[in-house]
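Undergrad: Sequence:
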Amino acid sequence: MDSSDFLTMDDFDLAGKTVLLRVDINAPAKDGKIQVSDRMVEHAKTISELSRKGAKVVVLGHQGRAGETDFLPLEEHAAILSKLLKRRVKYVDDVLGSHARTEVKKLSPGKIILLENLRFLAEETLEVPPEEHAKSFLVKVLSSQANVFVNDAFSVSHRAQASVVGFPEVMPSCAGRIMEKEYYSLIKATSQGRTPVVYVLGGAKADDCFNLMKNALEKKNVNLVLTSGVLGELLLIASGADLKATQVWLEKEGFTKLLPRIKEVYGKYSTQIILPSDFACEENGERIEIPLERLADVKKPVFDIGSATAEHYAAAIGDAGTVYFKGPCGTYENPLFEKGTKLVLKAIERGKAFSIMGGGHTLDALESLGINKNKISHISVAGGALLSFLSGEPLPGIEALKKAKARGNSK
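Last residue of the sequence shown: 592 (this note's numbering), numbering continuous.
Treat each hint with caution, since some may be false.
Okay, derived cross-link-like pairs now, DSS-like style, lysine-lysine, Cα gap no bigger than 30 Å in a straight line [unchecked claim]:
no.: 1; residue 1: K400; residue 2: K583
no.: 2; residue 1: K321; residue 2: K395
no.: 3; residue 1: K586; residue 2: K369
no.: 4; residue 1: K198; residue 2: K584
no.: 5; residue 1: K226; residue 2: K556
no.: 6; residue 1: K292; residue 2: K362
no.: 7; residue 1: K444; residue 2: K400
no.: 8; residue 1: K321; residue 2: K286
no.: 9; residue 1: K362; residue 2: K198
no.: 10; residue 1: K234; residue 2: K271
no.: 11; residue 1: K264; residue 2: K214
no.: 12; residue 1: K556; residue 2: K586
no.: 13; residue 1: K433; residue 2: K449
It is worth saying that the hints were derived from the structure and are not from the lab.
Work out the full structure, taking the sequences as your base and the hints as a guide.
TA: Right, dumping it as structure tokens:
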């Protein structure tokens, strides 16, 4: 793929046009209250540009999943976007009904509305091909009232959902600014050939980390994988290490079900997968570090990699051409166990490699540990979509935009 594979907002005269803008404003909900997210801040810039250019902006988004506590209306999101934009984003508690259609119809240039949570519609999340999504009520109703569809939601473009892949089937479509930025940065990182490529994988999402590691190693997209967190602990068990208390916790949390697959991958690629050599745990309110060979004698679970591991990883990062960091090396929220993550992130910050980071916990770690974000080449607002991209999987949202351009749904 290259940058000309799909159209961007620069390819359209948007003045006076009704624009359907798909964003990802899905955000954490604390005690039922929506929190401001980095994605909201970034999407606000795209919304602002469309408004300045005189477009009639119809914002489409979702919040949570059916059955979960954060499956909420988008009223608070509209209020947050209004504050970020310093202009009103009108909340419309409807998507396909007469109320929504009326509000879309009466929009004037520069004005912005946010329709209700798309996932309140069952058809939004149906697993069907784009051609079927194009026949959905969502796509039929809204496309008939609009001129252009803009997908700015890179972070949901790994999902073949109606609002992501349906509209490009039937109307002029292009990428928004976040989509464009994410795409260009990731293409640059994966195609420029700056080697060695080093993945630093940690955190609690062992499934995600394992699948990414496996795919990258099989496709020869990575030279070295530095492991920590749950993945690192599981790999140590796969290598024959006895983690005692930590292993009990891993079993209790259900992580050990990954072990058969992890053993198979480690057996094939052990020279490229680097495991922690020491750890940190807490004793009498203090951090104590334990070498791997003594871990079997420790009755407490570990919460961070040790200094020797962190320094070893920092040296490997210093020699890297490209670095992808996913997930903290330990429980960085606790000052006793921030050292491993901080040393590794500082190595990335001062290094010369093209660096990519993404995911909520990683972004929180950058903030709380005082890492200069300007020293990171690309900070992604995506999680699953970023993993899919780096794993070499086609993203349905991007494929839909490519097809729209090829089909001539433009201008």
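Undergrad: Compare the distance between the alpha carbons of K556 and K586 with 30 Å, and conclude whether the hinted pair is satisfied.
TA: Violated, at roughly 35 Å.
Undergrad: Taken at face value, is the distance from the CA of K395 to the CA of K321 at most 30 Å?
TA: Roughly 40 Å between the alpha carbons, so the hint for K321 and K395 is violated.
Undergrad: K321 and K286: Cα distance at most 30 Å?
TA: Distance ~15 Å between K321 and K286 Cα, so the pair holds.
Undergrad: Hint check: K292 vs K362, CA-CA at most 30 Å. Holds or violated?
TA: Status holds; Cα separation ~25 Å.
Undergrad: Verify the proposed pairing of K198 with K584, using a straight-line Cα cut of 30 Å.
TA: Judged against 30 Å, a Cα distance of about 22 Å means the pair holds.
Undergrad: Verify the proposed pairing of K444 with K400, using a straight-line Cα cut of 30 Å.
TA: The hint holds at about 18 Å.
Undergrad: Is the Cα-Cα distance between K226 and K556 30 Å or less?
TA: 22 Å, holds
Undergrad: What's the verdict on K433 and K449, does the C-alpha distance respect the 30 Å limit or exceed it?
TA: It holds: about 28 Å lies between the C-alpha atoms, which stays within 30 Å.
Undergrad: For the pair supplied as a hint, K234 and K271, confirm whether the alpha-carbon distance does not exceed 30 Å.
TA: OK: K234 and K271 at ~18 Å, within 30 Å.
Undergrad: Holds or violated: are the alpha carbons of K586 and K369 at most 30 Å from each other?
TA: 22 Å, holds
Undergrad: Given the proposed pairing of K264 with K214, does the C-alpha separation stay at or below 30 Å?
TA: 16 Å, holds
Undergrad: Verify the proposed pairing of K400 with K583, using a straight-line Cα cut of 30 Å.
TA: Holds. K400 to K583 sits at ~24 Å (cutoff 30 Å).
The structure shown violates the earlier hints numbered 2 and 12.
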